[in-house]
Amino acid sequence: MPMHFTVVPHVHWDREWYFTQQKSQVYLNRYLSDVMDALDADPSIPQYLFDAQTSIVDDYLADHPEREPQLRRLVSARRLLTDPWYTQCDQLVVHGESIVRNLLYGTRRARELGHCLNVGYAPDCFGQAAQLPQIMAGFGIPSVMFKRGIDADVIPSDDFIWESDDGSAVYAYHLLDYMNFRSPSSADATKNAALVEKIEAEYEPRSLSGEAFLFNGFDQHPLRADIREVVDAMGKDNVSFGDLEGTVLRMGQTPGLPVYRGELTSGMTTRVHKSIFSSRADIKALNSKVENELIRIVEPLQAIYHGLTGRDERALVSRIWKRVMECSAHDSIGCCNSDEVNRDIAARLRAAMSAATEYEKLTYRQIAEGVDVGPASLQAYNFLPWERTQEVEFSLLSPFESLALQDTRGRRCAVEVLFSRDVTSEVLSVSAWATDASNGVSRYGAGPWYECRVRAELSLPAMGYETFAVVKGKALEHCPTSPTYDLENDWLGVKASPDGTLEVTEKRTGHVYHQMLELVDDVDAGDSYDWSSDPEAPLVVSSVGSAAEVERLDGRRLRIRVGMMLPRNRAERMEGHCSVEEKVELLVALPSDRPMLHVSAKVANAAVDHRLRVLFPADIPSDVSHADQTFGLIERPTRLAASQTWRERGWNERPRTIEPMQSLCYLEGHGRLVELVTDSVKEYQVVGEQMETIAYTLMRSFTKMGRPDLPDRPGRESGKPWDTPDAALLGTHEFTFAIAFPASRAEAVRLASEYTTPVRVHQASLFDMSHDEFIFGGFSPKVPASFSALRVEGEVQHSIFKLAEDEGGGCVLRVTSLCDGPVQVVPREGEEVLLTNLVEDSDHTQGAEEAFVSNQIITYRIREA
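Here this note's numbering is used: the first residue of the sequence shown is -4, the next is one more, and so on.
The set of hints was computed from the structure by calculation and includes no laboratory data.
Incorrect hints may have been included.
[Stated by the list, open to error] With a cut-off of at most 30 Å between alpha-carbon atoms, the simulated BS3-like pairs for lysine-lysine come out as follows: (1) 231 x 186; (2) 715 x 699; (3) 317 x 18.
Computed from a prediction, not measured in an experiment: that's the story for all the values here.
Using the sequences plus the hints, can you model the full thing?
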């Protein structure tokens, strides 16, 4: 029996790529008008798929509001299909909460317009996240359609059931090609029929449902006004127009579909570009920091302040989110764009960061003004749902040279003063004009006043803040110098070698790690899509054995300066010649309270066509690595059998174990665990003869958007063969990461959460000293000096705490269970906790004995009882 094909007129519309968003917008205005007019003029075209992105619809309506009634009518009639995405985002580079927010905005906007496409349509994402079935199920979307990432040896059919670890399942349909019927002939029906027969011969061996699609359209291509005539002229009974959603629903009911669990990141049938995670490392790092600022700081801060005062800035935060999501599309955040487009992306991210941090500072000021305490008080914030005691370094104003901190329960906290200077005259000069301008609000007495840089171990409530008064006290002695190590705490001893690498002794196990922080530089023969090796340029440069400058700043910090002679470019590397110096400055800090080294790497890049990585030899031979993913953790193989035979078997690109992470990866074995944590570039690979070393990518330098015939990716270029000189990343760039030695997986997740969610400290007096031109007038509502919104009991990975999307909906907390077992949320008195879904529209009470499974996304609503 022949396969049945449903014809889908459609377009894949990139908001930006090798063209700017501004150009896309201009042409969109013409394009969508033409589509809607064509649908109205020809009722025989039942549906048109407009790429499932509501942001594009909003772009259009911003310029053509008069067309909104026509658009609503077509969407409501299901003739113009859009959504469920706000932007069709990458699933492996951006944060899991960015994906959820993307779908939340997209589905809500689509329903406002009349209908939400009930298919997770992702035709061009560079791989699919393992948790996508659980995410889609959380939005009530029962199916997904995708193109990239399938391994035909593992998944033998294009129809299958795709499960996440918690058992959530969707029907998945693999699009061999979302442009397979892009340009049928207007005059030759026989030729068109032969094309369909060719497609059927290719699709039929992998089809279990007996159905597939003919996609008529392509990137930015116009609707074919004659598509009905073209289809009718073929006279094929097995080709017809139909309802996309209904067809996918029917295909998903096919009996006996195989079940698959895991991510889809194979380059067997299509390119997935498994090193795009480090393309334009400067922009990738900026995006990571912007997402962390929104998810880990701004959202919980807004929820806390709203709970205290009722003040609501959801519209502002939503606007910042949408600016970030404009950068989340697969090409955009992939950074596989023209230099002009990447400059636009970086500018949007910087604007989002500026708005987010200014909102953060504003809210701290409002809370400080509302707290009724003395002039030298400060607030310290913990945005994680567990109580936290952590060493923090910060600046403050003090009326005492020798000081301590005292919390609202009278407990004193000793302080180490790192630096101090008398600023009495400056304080009093500010006080003179600031007091009058702020309706008599003053935080200053006659003095004296000292500006201090201090280090203290603060005990903080879960998801809230504590106020500390600066009081007179005996300051701690400076951290003593270890007689054995350059840096030492209760967990680790660290010695710096002459070449700048570190010897780290883990006291819990007695194991000694050698050559930590080795810098390794190799060729990059690739482009904006892919790193590529080059057998003709095999030279690898290592910092081991070099002469580094090591400076011990104090008992907690080292500064290491490394100079590496590198080839200027690929041509020099092929000759084995090194003519430029790559200067790398590493600032290494060892907190007193945890088994973790914090590292800031400042790279003065002087070369092109290369990749710079830092190595962490874990001495743990590993068949698998572990990393965090969109939600929860994932286990990945460190070796791929297909890497030896990929060319002979016709793969689109070399199989590689270059992997993404959200913030952490680790190797585990022999009673030890070595973890890399980052808030910058999120790419790692396990390397070494025994796969015992974590290689973390700092940056790549390349000069082409796309190159043909890469050693690791044969054939045509991806994108355009354009020069991208900005992508050389010449100049200075800074990246931050940490290496940790936790005792368990749960501790590894906790350390990563605390690294990416730092304790924030705000002192109103110190802020007033900054001469900020926006002065408060004493109108902030009164708030308590100490506050905790909730706490969580159970082994979980924290994801977000935020205001619910709808006014009056309380707050939403999302965590991921790390094991099978119970999770409990303990709210404030007078509040109740309900389980809800990702859409935030289905609440129910958690059962007393209800337990969760590993990697299950758990979303709670907390509201007044």
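Results of checking the hints against the structure:
{"no.": "1", "hint": "231 x 186", "verdict": "holds, 12 Å"}
{"no.": "2", "hint": "715 x 699", "verdict": "holds, 9 Å"}
{"no.": "3", "hint": "317 x 18", "verdict": "holds, 19 Å"}
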